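The lines below spell out each chain.
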Amino acid sequence: MDNEMKMRATIQGDVADVKVLIKHIMETGLRKDPTTKQFIPAHFINQVVASLNGVTVLDMQWGVAVSKNPFFGFKVKGAKPGDKITVNAVDNLGTKFYGETAVA
Amino acid sequence: MNPVRRTLLKSIVTVGMLASAISVSLVKPAAALVASWNKNAFSAKTIADAMKEAGYSGAAESSDILLKVPDIAEDGAIVPLEVTSNIPGTTSIAIFAEKNPNPLVADIQFSNGAQPYISMHIKMAETSFVRVAVKAGDKIYSQSKEVKVTLGGCGG
Numbered sequence: 001m002d003n004e005m006k007m008r009a010t011i012q013g014d015v016a017d018v019k020v021l022i023k024h025i026m027e028t029g030l031r032k033d034p035t036t037k038q039f040i041p042a043h044f045i046n047q048v049v050a051s052l053n054g055v056t057v058l059d060m061q062w063g064v065a066v067s068k069n070p071f072f073g074f075k076v077k078g079a080k081p082g083d084k085i086t087v088n089a090v091d092n093l094g095t096k097f098y099g100e101t102a103v104a
Numbered sequence: 001m002n003p004v005r006r007t008l009l010k011s012i013v014t015v016g017m018l019a020s021a022i023s024v025s026l027v028k029p030a031a032a033l034v035a036s037w038n039k040n041a042f043s044a045k046t047i048a049d050a051m052k053e054a055g056y057s058g059a060a061e062s063s064d065i066l067l068k069v070p071d072i073a074e075d076g077a078i079v080p081l082e083v084t085s086n087i088p089g090t091t092s093i094a095i096f097a098e099k100n101p102n103p104l105v106a107d108i109q110f111s112n113g114a115q116p117y118i119s120m121h122i123k124m125a126e127t128s129f130v131r132v133a134v135k136a137g138d139k140i141y142s143q144s145k146e147v148k149v150t151l152g153g154c155g156g
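Line by line, the protein sequences give chains A and B. According to the numbering used here, the residues represented by the first sequence are 1 to 104, in order. According to the numbering used here, the residues represented by the second sequence are 1 to 156, in order.
Derived from the structure by calculation, the hints contain no laboratory data. There may be inaccurate statements among the hints.
A short, non-exhaustive set of chain A residues, derived as facing chain B with CB atoms under 8 Å [stated by the list, open to error]: (1) Met-7; (2) Ile-11; (3) Val-15; (4) Ala-42; (5) Asn-46; (6) Gln-61; (7) Lys-68; (8) Gly-73.
In this text, all values refer to a predicted model and were calculated from it rather than measured experimentally. Quick reminder that beta carbons are idealized off the backbone N, C-alpha and C, glycines included.
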């Protein structure tokens, strides 16, 4: 689902500055539906892995308190223009998200 | 006793054991690729429990952790946060919002050239301290800063 993820990686010296935006509701499971008074079930991304040229550089576990449409930024040393950055994410319902970009 | 039958039974048992050994060896590496989500840490209700379950208890305060958060957040649903660890050998950073219903927000592991830096947007239920903890070698360090929240970001 590439369209669910927006990525940008820019080089500064030999460090890639990567910014990622994933479209996701990030529902906490703690909110009540105002009409039904029932809790809205939790639905959130809980694992995110970023790689540089296929090698894992960032391995994250998230809880429900990551903001809706999650944004995150990280930096990888030893990168050069043209290198491939990929992000794989999965939510608590098993839906997978994937994005990739080239370092520019 | 029928010797042929014995041999046959034995070989069936051996094949069965081999098959289960193969399936175990096939399953294990795949499971090891993705560390399982730390449910106990993320469902902990106090900062102390969350830090303990996530493996960050016994942290020493350190000014070598730079935590950038706003003094006042108008909307608790989006609180921008930036953490940089200047502690040599940093392998992971965990983010906690002390008064959230579940204080652990995220646990981030760095490897293969990733700088000990993360920037993200988090939700805060109310005014509280944001605490970040850093793992470097077998030592734990932490730093915190209060964020005043005008409008909570977790309730409804």
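Hints, one by one, checked against the model:
For Met-7 of chain A, the interface hint is violated, the least distance from its beta-carbon to any beta-carbon of chain B being 14 Å, above 8 Å. Contact between Ile-11 of chain A and chain B, as hinted, is not supported at the beta carbon level, the nearest pair being about 13 Å apart and thus beyond 8 Å. A hinted interface residue such as Val-15 of chain A counts as satisfied when its beta carbon comes closer than 8 Å to some beta carbon of chain B; here the least separation is about 7 Å, so the hint holds. At a threshold of 8 Å, the smallest CB-CB gap from Ala-42 of chain A to chain B is about 11 Å, leaving the interface hint violated.
For Asn-46 of chain A, the interface hint holds, the least distance from its beta-carbon to any beta-carbon of chain B being 5 Å, beneath 8 Å. Taking 8 Å as the C-beta cut-off, the interface hint given for Gln-61 of chain A holds, the closest approach to chain B being about 5 Å. Interface restraint check for Lys-68 of chain A: the shortest CB-CB distance to chain B comes to about 7 Å, inside 8 Å, so the restraint holds. For Gly-73 of chain A, the shortest C-beta to C-beta distance to chain B is roughly 4 Å, which falls under 8 Å, so the interface hint holds.
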